[in-house]
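> Here is how the chains run, residue by residue.
There are 4 protein chains.
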Amino acid sequence: RMVEDWNNFLVPYQQAVDELKVKLRGMRTQFMRTSGVSPIEFVTGRVKPVDSITEKMVRRQVDESRIEQDMQDIAGVRVMCQFVEDIYTVVDLLRKRTDMTIIEERDYVENEKPSGYRSYHIVVEYPVQMMNGQKKILAEIQVRTLEMNFWATIEHALNYKFDGEFPEDLRKRLKIASVKSYELDKEMSDIKKEIMKSQTK
Amino acid sequence: RMVEDWNNFLVPYQQAVDELKVKLRGMRTQFMRTSGVSPIEFVTGRVKPVDSITEKMVRRQVDESRIEQDMQDIAGVRVMCQFVEDIYTVVDLLRKRTDMTIIEERDYVENEKPSGYRSYHIVVEYPVQMMNGQKKILAEIQVRTLEMNFWATIEHALNYKFDGEFPEDLRKRLKIASVKSYELDKEMSDIKKEIMKSQTK
Amino acid sequence: RMVEDWNNFLVPYQQAVDELKVKLRGMRTQFMRTSGVSPIEFVTGRVKPVDSITEKMVRRQVDESRIEQDMQDIAGVRVMCQFVEDIYTVVDLLRKRTDMTIIEERDYVENEKPSGYRSYHIVVEYPVQMMNGQKKILAEIQVRTLEMNFWATIEHALNYKFDGEFPEDLRKRLKIASVKSYELDKEMSDIKKEIMKSQTK
Amino acid sequence: RMVEDWNNFLVPYQQAVDELKVKLRGMRTQFMRTSGVSPIEFVTGRVKPVDSITEKMVRRQVDESRIEQDMQDIAGVRVMCQFVEDIYTVVDLLRKRTDMTIIEERDYVENEKPSGYRSYHIVVEYPVQMMNGQKKILAEIQVRTLEMNFWATIEHALNYKFDGEFPEDLRKRLKIASVKSYELDKEMSDIKKEIMKSQTK
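Protein chains in written order, with the UniProt record's numbering: chain A, 17 to 217; chain B, 17 to 217; chain C, 17 to 217; chain D, 17 to 217.
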């Protein structure tokens, strides 16, 4: 495909990202209005850049005719939470929505990736209205704590900057950092629960 | 109702406005990508301010229990077009969408209001996902040309500034301006059609 | 230059546009808060697309080494007003600002272009902070009424769509439309003044 | 002061926040364009809510006549970084800017607050253009890592939710979490430096 084609191809994906961002940010607003606190801290989104798409197509041997079905993260939205348990509150709310259909869920929170990466991934089918009718798009929603986002952001930055090529012992240290990071997440949840207990006595 | 209540009451309306703006702006993007021109020039939106709502409730004797059904413009979105015929292109596209249901259409383009006001009004039922499930909201979409927007903006500003109280002869001049304004709209459409004809010869 | 270079070249221009939009929209906010009405209706901005820049360089024989000084509209901001007199209110406020320096003013409101185009153009020198220090950028601020914007938008769309090539008699009709359009602008100002007079009697 | 007055009082502060956000986000854009990585991950901003201002006035015995000079965080902007060393890169860039004047710096990164809170605080004097001339506003820029933001966000949420009243032992656990969190920040910097060393061998 030429760049011109890619631009057209990505229009519904950009639309899905824009709509999902507005919808998930709206969930935060509702929580803040109702209770002053929200399981959603902030929401970001992006369409996968063309060079990342083509690189992934080669790497995973995805044929052009299969992109729409096989690449689930062209439209990507990320939801950041304060506490680990908030992730599941958000996931539950996503399951109840009638404006998208969940296709797949992968719990990398409890079952982290070998690298140490943690997040909850949900692939949804989301309908966008195009000029020639409705089109269903796959989009990936990643739900994670601020702490998981800290680790994932830095791991991604290091991989990007050093092209994924760095010594095995440093990969191990990154993974150990991920374990400590998750312990911090759980400690914070614990502290919160203890405070709640101390209040209700 | 106290202000606190109003804030909660308006949450789904704000959500509907935010989503509709993103969706209608997406229609413009699609047109620009496909053909470099768009019947939609720009899109604005707003939730009706509380004081305007309460003022209208008194004026039209709308009971609090009937606001959701009887006040159709609490959520309002406005679509500005270049040419009069673009209005109907936009209206047709709105009719085809499956993410909202048209409840009512009022063609103030061909049948202007006594004041001289012109616009195409569509009331839609639009579903928003709230924490406790889906909620259907009424929203008003106004479609108008830049020229109709010029007249309506100034008429509204004069009414606002002078509290709707100004001499009958000035009302008449405003209305005559509206007629001239509409003639300009039609002349622009004519010029466009003539250019198109001259091109295809 | 290669596209890569253009992207870098345009960074300070995009920055200037973003800052000027926030600043001029802030002027509107101030007016609305203070008096409920504003001479500024809305503000838009854009960086000139690369193909338009290179096309203009060829047409006007601007050498690459002279772009920064000779092309004054790479960064462009547009301010839309309700009434013709509001244009001069905005221009006066721009003259008083200490965060930009006016380099040139061209009053195409009273002295329209041969095509019939009307707007007030101000070229400013605007400082942006780059990583390696301050950089002064030229930017063009166009101030016009909603009505002038109506005419200019359609004239631009016709020129774009038909590549600037359409019969002389249609150019004349466009120009006559511009005259009528300006008469409408003046009639609206007149009506406003008459209302004000009728109020203070 | 009545709410009306507060709204007017806060206009220049909101303007300062809006401008500073655009400016600091522009710094990120510059880094990304130049090198594909940025010491700035994201930027947020807010005007202090009126009830927080009045609560702080009472608590710190700030007289109304002294708010502008004595309350330095009415306009607040927050810059999130990936690595601890990025904080100082950002601080250096802020020091070089000519569009704001640094009034005070407080390094809570190396000298954390008793609670365990870490961030670099910079108070700047920032000029905004108001209708009646330039006005200098105090604004606080907080620079912190994603990790410091994780801890501060949760500590703030717990204080907010439980009104600052929770047992001393839980305060201690929060503080220990802060120490571990800072160790993670330093470990991530270490890993980065080791990778860089391994690359240049």
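Among the hints, erroneous ones may be present.
Given that identical chains are not distinguished, each listed pair holds provided it fits within a single copy or across any two copies.
Taking lysine-lysine and the DSS-like style, the derived pairs with C-alpha atoms no more than 27 Å apart in a straight line are [claimed, not checked]:
(1) 177 / 64
(2) 72 / 152
(3) 152 / 208
(4) 188 / 151
(5) 213 / 37
(6) 202 / 64
(7) 177 / 208
(8) 209 / 177
(9) 191 / 72
(10) 196 / 208
(11) 64 / 37
(12) 64 / 208
(13) 37 / 112
(14) 208 / 188
(15) 213 / 72
(16) 64 / 129
(17) 213 / 191
(18) 196 / 151
(19) 208 / 72
(20) 72 / 188
(21) 37 / 196
(22) 202 / 152
(23) 177 / 213
(24) 64 / 196
(25) 152 / 64
(26) 188 / 213
(27) 209 / 188
(28) 202 / 177
(29) 202 / 151
(30) 129 / 177
Rather than coming from a laboratory, the hints here were simulated on the basis of the structure.
> Check residue 196 against residue 208 for me: Cα-Cα at most 27 Å, and say if that holds within a copy, between copies, both or neither.
Both ways: residue 196 and residue 208 sit 18 Å apart in one copy and 17 Å across, limit 27 Å.
> With identical chains, the pair residue 213 and residue 72 could be close in the same copy or across copies; at 27 Å between alpha carbons, which is it: within, between, both, or neither?
neither (48 Å within a copy, 29 Å between copies)
> Check residue 177 against residue 64 for me: Cα-Cα at most 27 Å, and say if that holds within a copy, between copies, both or neither.
within (18 Å within a copy, 32 Å between copies)
> Is it within a copy, between copies, both, or neither that the alpha carbon of residue 72 lies no farther than 27 Å from that of residue 188?
within (25 Å within a copy, 47 Å between copies)
> Is it within, between, both or neither when you check residue 209 against residue 177 at 27 Å Cα-Cα?
The answer is between: 12 Å across copies meets 27 Å, while 39 Å in one copy does not.
> Under a CA distance limit of 27 Å, which applies to residue 64 and residue 37: within one copy, between copies, both, or neither?
both (15 Å within a copy, 23 Å between copies)
> My question is about residue 202 and residue 64: at a cut-off of 27 Å on alpha-carbon distance, are they close within one copy, between copies, both, or neither?
Neither: 32 Å inside a chain and 31 Å across chains, both beyond 27 Å.
> Please sort residue 208 with residue 72 into within, between, both or neither, judging by C-alpha distance up to 27 Å.
between (41 Å within a copy, 26 Å between copies)
> At most 27 Å between C-alpha atoms: does residue 37 with residue 196 qualify within a copy, between copies, both, or neither?
neither (31 Å within a copy, 33 Å between copies)
> For residue 64 and residue 196, with the copy left unspecified, which applies at a CA distance of at most 27 Å: within, between, both, or neither?
neither (30 Å within a copy, 34 Å between copies)
> Under a CA distance limit of 27 Å, which applies to residue 64 and residue 129: within one copy, between copies, both, or neither?
Result: close within a single copy only, 21 Å intra versus 40 Å inter.
> Using 27 Å as the alpha carbon limit, work out where residue 196 and residue 151 are close: within a copy, between copies, both or neither.
The answer is neither: 43 Å in one copy and 43 Å across copies each exceed 27 Å.
Of the hints listed earlier, those the structure fails to meet are numbers 3, 4, 5, 6, 15, 18, 21, 22, 24 and 29, in rising order.
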